[in-house]
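Visitor: Starting from the known structure of chain A, arrange chain B on it as the hints suggest.
There are 2 protein chains.
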Amino acid sequence: MTNAASSSTSFVSYDAECPFPIQNLPYGVFSTTANPSPRPGVAIGDLILDLDALSRSSHFASSPIPADVFQHANLDKLAAREPAEWAAFRSYLTTLLSSNSPLKDAADKDTLFVPRTASSTQMHMPVRIGDYTDFYASFEHAYNAGVLIRGKENAMQPNWRHLPVGYHGRASSVVVSGTPIRRPVGQILDKVGDTQPIWAPCRRLDYELEIGFIYGGAATKLGERLTPTEAREHIFGLVLMNDWSARDIQTWEYVPLGPFLSKNFGTTISPWIVQPAALDPFKTAKYVQEPAVLPYLQDDEGFGFDVPLTLAVRPENAKEYSRIATSNMKHSYWTYAQMIAHHSSTGAPINPSDMMGSGTLSGPGVDGNPNDDALGSLLERSRLGRQPFELNADRKDMTWLRDGDSIKIEGVVKTKDGYSIGFGECEGTVLPAVLPAA
Amino acid sequence: MTNAASSSTSFVSYDAECPFPIQNLPYGVFSTTANPSPRPGVAIGDLILDLDALSRSSHFASSPIPADVFQHANLDKLAAREPAEWAAFRSYLTTLLSSNSPLKDAADKDTLFVPRTASSTQMHMPVRIGDYTDFYASFEHAYNAGVLIRGKENAMQPNWRHLPVGYHGRASSVVVSGTPIRRPVGQILDKVGDTQPIWAPCRRLDYELEIGFIYGGAATKLGERLTPTEAREHIFGLVLMNDWSARDIQTWEYVPLGPFLSKNFGTTISPWIVQPAALDPFKTAKYVQEPAVLPYLQDDEGFGFDVPLTLAVRPENAKEYSRIATSNMKHSYWTYAQMIAHHSSTGAPINPSDMMGSGTLSGPGVDGNPNDDALGSLLERSRLGRQPFELNADRKDMTWLRDGDSIKIEGVVKTKDGYSIGFGECEGTVLPAVLPAA
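Protein chains in written order, with UniProt numbering: chain A, 1 to 438; chain B, 1 to 438.
So here's chain A without its partners, still in its complex pose:
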């Protein structure tokens, strides 16, 4: 199917740079000024195919999934269907949107599409996340952070190569791209060596360039484990993710139970859920895992995706974004399937629409030093704030995020067949902290 699909063309026109050709077909939830009810859609070119409207039309007759799945304010019902149904629906959509589809000349065609980028179109959270977990799966990020905090000799913790280190996050503060992020106020130490904290706006506000992946299909029951092979089938889709982090709050609070408020004030995801099938052409070898992992984590068929990810900052009042980093989805030591399998291994149920994050994805170093252009966090890029760097001509001393900074993560890859597959944008702007009135 991959080959057939890769040569498909659609009656919807778009150019070779467009991240949403017929080979992509990501799902999202949108509303319009004319119809403010959030509803599922699929992106193609500069349009959104309204799946709610489609499900009420004659064109839905050959759908392998019932209409009520799409007559819902988010994609939860679709995420809960069986993976085989996702594949069948993807095939149905590909046929429906292809160049020779009857839909091309249907009388009701215009009622089924809305403009994707118009100001009259608004994107919403694609699923209602039940539980959200963040991993720490990039070797390079863990190594870079370890060197900065503990030095080269002790950079990697003893457990890191044996299991995908992760922690539970807060689902309630996962927000869709475009949602402003308020600089948090929290307990920090004013000066090194202080023992009495102050309560103040975060001074070390950071981003983390990540991939989020959304579980789907049947829930696992209490006590049920998945193998990596089983787990892989449950990946409903992937999104770009910015795990905003307050480093100074983190440093003070995280002993001994891990990050808490420093990581839960906002996590931004891109609105379009890209199906793994769309990324098939970009499969690449997974990391060599040394020492060998325990049997329950072995994932011989595992792979990565070779998809470049970029992160750029636009200071308030600046016209342009300045790129800080170019990383890649492939910079994950652990496969998504291994992360899910590990997560299930003690038996906590995983439910459809649960989301997991990869952790910051940073690229390999050069000659034993970090590659400054491939670092997914400011913690790494500014060496814990000790090495200001030049963002652009107007900001030659960048360390941490400033109020008004907009962060944009993008992920797009071109094929030799002449099309592009992308995630769209994951964007958020830092609002100034609010302190109580004196």
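Hints may contain errors.
Remember, identical chains collapse to one label, so a pair may be satisfied in a single copy or spanning two.
Unchecked claim - Cut-off 25 Å, straight-line C-alpha distance, at most; resulting in silico cross-link-like pairs (SDA-like, lysine to any residue):
| hint | residue 1 | residue 2 |
| --- | --- | --- |
| 1 | K221 | E425 |
| 2 | K152 | V255 |
| 3 | K330 | V293 |
| 4 | K221 | D76 |
| 5 | K221 | K408 |
| 6 | K408 | Q387 |
| 7 | K191 | W160 |
| 8 | K414 | S8 |
| 9 | K408 | Y14 |
| 10 | K152 | T251 |
| 11 | K408 | S119 |
| 12 | K221 | R128 |
Please keep in mind that the hints were generated in silico from the structure rather than gathered at the bench.
As the structure is a prediction and not an experimental result, all values here were calculated from the model.
Guide: What follows is chain B alone, placed relative to chain A:
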């Protein structure tokens, strides 16, 4: 209102030991063999008043809350109402169930009550928890654990007295009392000093005696903070909680991001949500907090509840439970209101039906040593497994939990007015680990 209510009597009869008199009125979700749909109810004596059935009867005419709130599979809709409505509904129920209520002789009375303890009655999760957070709020527990891990000099971490340390947990594995808990299989170190983990059934399975509290009322918005005074109004109710813990998995996995799989394989709560109003007569002074906390955490009106909590173990095939610990709700350094206020302080939304846990509640030591009868975990009771203790005549070498052990937490308090207020039971039995077929 408290005084009037404390002298109330009901037409439902129960004795002075019954934890569910008319002064309590906890909410739960139940089903019966005759009607297997889970629905809200309120416990009184040995009966459950079926709130779904009540909402469809003439007796509901004077209810201050609409009927559809109770025609639902759980208490989420009630938790989302305003606190003033909870109070009004409590008052309505008190009148409805009082000795001189017309309900006493109503023709349809028998259709509104079901037996609470009959085998035909089953309890379910009372709310659908969105996000679950566990704190570490007992000074004695933190101190005891700190002494065992780091020694007396460094027992308390620098941040502990400045903020309620907490971490995000997994909502999907919070289960109602009576649900068996499978011993987890996970990565552990076989021997001290090993660097290569094995994958094996947990050998250091523990309980944690806690109180869970459920948030209700309006959700906080992204970026919104609550003061402790505001937060207190949002406590919909309290439950007993057992935070099952795998200490060996925890020790290996928790660096640097905190407990993950070691704490997410099962968290048991009691089925009855006790309203704070029912605990009013048991208010007691809160801990003296030294040094003074930062202004956003100041809770001058804060208090604790003086309610004894017991924990007992019944080994497989044993007839009786053997009590291990008698702790108390009051053994929390931080008030629930402070925990919620801290949680909201960086702006992560808190939604109705979200649950937070107090952390293990252990009582004060004696002469600088732990009080063995007041310790809320086996980690403390067995000194990390180094000091086996006598549970009963058949088990003189207790350290960690064994397969088949049932753990029961209870909380009940008697007043001088001659009635008791209790939570009922929080019970769970350890099932043996399951390894994949060879």
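Visitor: Look at each hint and say if it fits the structure.
Guide: Now the hints, each set against the structure:
1. In this homomeric assembly, K221 and E425 come within 25 Å of each other (Cα to Cα) only across copies, at 24 Å, whereas the closest approach inside a single copy is 35 Å.
2. For a Cα distance limit of 25 Å, the shortest separation of K152 from V255 qualifies both inside one copy, at 22 Å, and across copies, at 17 Å.
3. Taking CA atoms no more than 25 Å apart as the test, K330 paired with V293 passes inside one copy only; the shortest distance there is 19 Å, against 45 Å between copies.
4. Taking the closest pair of Cα atoms, K221 and D76 come within 25 Å of each other both inside a single copy (18 Å) and across two copies (22 Å).
5. With identical chains, the CA atoms of K221 and K408 are at most 25 Å apart between copies only, with a shortest distance of 23 Å across copies and 37 Å within one.
6. Taking the shortest alpha-carbon separations for K408 and Q387, only the intra-copy value of 22 Å comes in at or below 25 Å, while the best inter-copy value is 55 Å.
7. Only between protomers do K191 and W160 lie at most 25 Å apart by alpha-carbon distance; the minimum there is 19 Å, versus 31 Å within a single protomer.
8. When the C-alpha separation of K414 and S8 is checked against a cutoff of 25 Å, the pair qualifies only within one copy, where the shortest distance is 15 Å, while the shortest distance between copies is 75 Å.
9. Within a single copy, K408 and Y14 get their C-alpha atoms as close as 23 Å, which meets the 25 Å cut-off; across copies the closest is 64 Å, which misses it.
10. Within a single copy, K152 and T251 get their C-alpha atoms as close as 20 Å, and across copies as close as 23 Å, so both meet the 25 Å cut-off.
11. For the homomeric pair K408 and S119, the shortest alpha-carbon distance inside one copy (19 Å) is at most 25 Å, but the shortest distance between copies (57 Å) is not.
12. Taking the shortest Cα distances, K221 and R128 sit within 25 Å of each other both inside one copy (19 Å) and across copies (16 Å).
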